[in-house]
Amino acid sequence: MDTALAELIAKQEIADLCANYAYALDRKDWAALRECFTDAPVFLHPGGRVDGIDGIVDRARGALDALDASQHLLGNIVVEVDGDTAQSVCYFQAQHLRAGALGGDTYIIAGSYTDRLVRTPQGWRISERVQDYLWRDGNRAVVAR
Amino acid sequence: MDTALAELIAKQEIADLCANYAYALDRKDWAALRECFTDAPVFLHPGGRVDGIDGIVDRARGALDALDASQHLLGNIVVEVDGDTAQSVCYFQAQHLRAGALGGDTYIIAGSYTDRLVRTPQGWRISERVQDYLWRDGNRAVVAR
Amino acid sequence: MDTALAELIAKQEIADLCANYAYALDRKDWAALRECFTDAPVFLHPGGRVDGIDGIVDRARGALDALDASQHLLGNIVVEVDGDTAQSVCYFQAQHLRAGALGGDTYIIAGSYTDRLVRTPQGWRISERVQDYLWRDGNRAVVAR
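Chains as they are written, first to last, in this note's numbering: chain A, 1 to 145; chain B, 1 to 145; chain C, 1 to 145.
Keep in mind the hints are simulated off the structure, nothing from the lab. Take the hints with a grain of salt, since some may be wrong.
Heads up, the list lumps identical chains together, so a pair's fine if it works in one copy or across two of them.
[Unchecked claim] Only pairs whose alpha carbons sit at most 25 Å apart, straight line, appear in this in silico SDA-like list of lysine to any residue:
id, residue 1, residue 2
1, 28, 114
2, 28, 68
3, 28, 16
4, 28, 98
5, 28, 116
6, 28, 112
7, 28, 80
For reference, chain A alone in the conformation it holds in the complex (with noise of 0.2 Å):
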């Protein structure tokens, strides 16, 4: 195939990837979310780092299970593809809810993610993926646990 079409199609399937990470959350499909990365994927936080998917989907269940919705919208994303590996930057707003929360029902985070992944052949894998903070806004005991 074409070089240049390839370098399309892999930057249009790093972004449904991302974009169904986001999924995943906002549905708490966490089958769906282990889909998202590599056997063994590394997540860095503004608050530490998790090593492995089992960790990865604890953390993101103890963020949201207990809210009654969340969204997590992307925008802004670029994607540099190097053969079978490549790396992305996109902007998240994610949007957290939880009627009945102390102090008002919302708190948005949000920041940016930068990953590395890895072609696979079940596809495109977020094998280290770090998360920034920009900004927050809102009710902090929304997510509070």
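Based on the hints, put chains B and C in the right spot on chain A.
What follows is chains B and C alone, placed relative to chain A:
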């Protein structure tokens, strides 16, 4: 044409269609809104079901005509193409603005559009749109009629 | 190269350019901001007109240097390519953060960018950007100088 290229083009056209739907709403361009749909579209939303393009335009006008502005920001679009039909899911975050509304000027409605689309001689068109809500925030009186 | 493929690539490059403009602002990377524009760009905004890249960078620094953070989230990009020129429209939702600002820490400005672009030996560049506002929310003092 190469099948993989044709699929990428279809995905691009459908993403453009979803964006143009949003622009039509926010510009109150009801002629452009009609161009987004097939001749006999269905629109399903949390409050019910609308059959036909006249009903869809009437509902949009009812929601938006009285506002000073709106912005339907889209993200996370994933499209699956199957020949001359397609399915897509995207997120929206729709801000509604009406200055002087009692209790505040803004009201956000956020959720997802799940579409069925068909390729027509005039390009891709939405035959069915399912609008789901994930969260709402602000002053509901902004959109009250 | 296939014409349809070349057009898709141009659309991808222009979407990347718009994303990189946003990253440049939010990282306060003024050298990267310069790379987004032609040698003699025009920037039109609701308050006036800026001619030339020095003026564009000065305006961005004036708006952002004093902030703790910003996030220019983009969506809904539609690009039309015509040979070595192009036009695009996208939505932005820009959060501005300054801790300790009297009346609240955040101020959102949201609207659209309507661009004219040209293909140069260094890639696509913005020759004219028109910034329109759709809504604003939060504490305007965050961005007051």
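Hints, one by one, checked against the model:
no.	hint	verdict
1	28 x 114	both (22 Å within a copy, 18 Å between copies)
2	28 x 68	within (11 Å within a copy, 33 Å between copies)
3	28 x 16	within (18 Å within a copy, 29 Å between copies)
4	28 x 98	within (15 Å within a copy, 33 Å between copies)
5	28 x 116	both (23 Å within a copy, 24 Å between copies)
6	28 x 112	both (21 Å within a copy, 15 Å between copies)
7	28 x 80	between (29 Å within a copy, 22 Å between copies)
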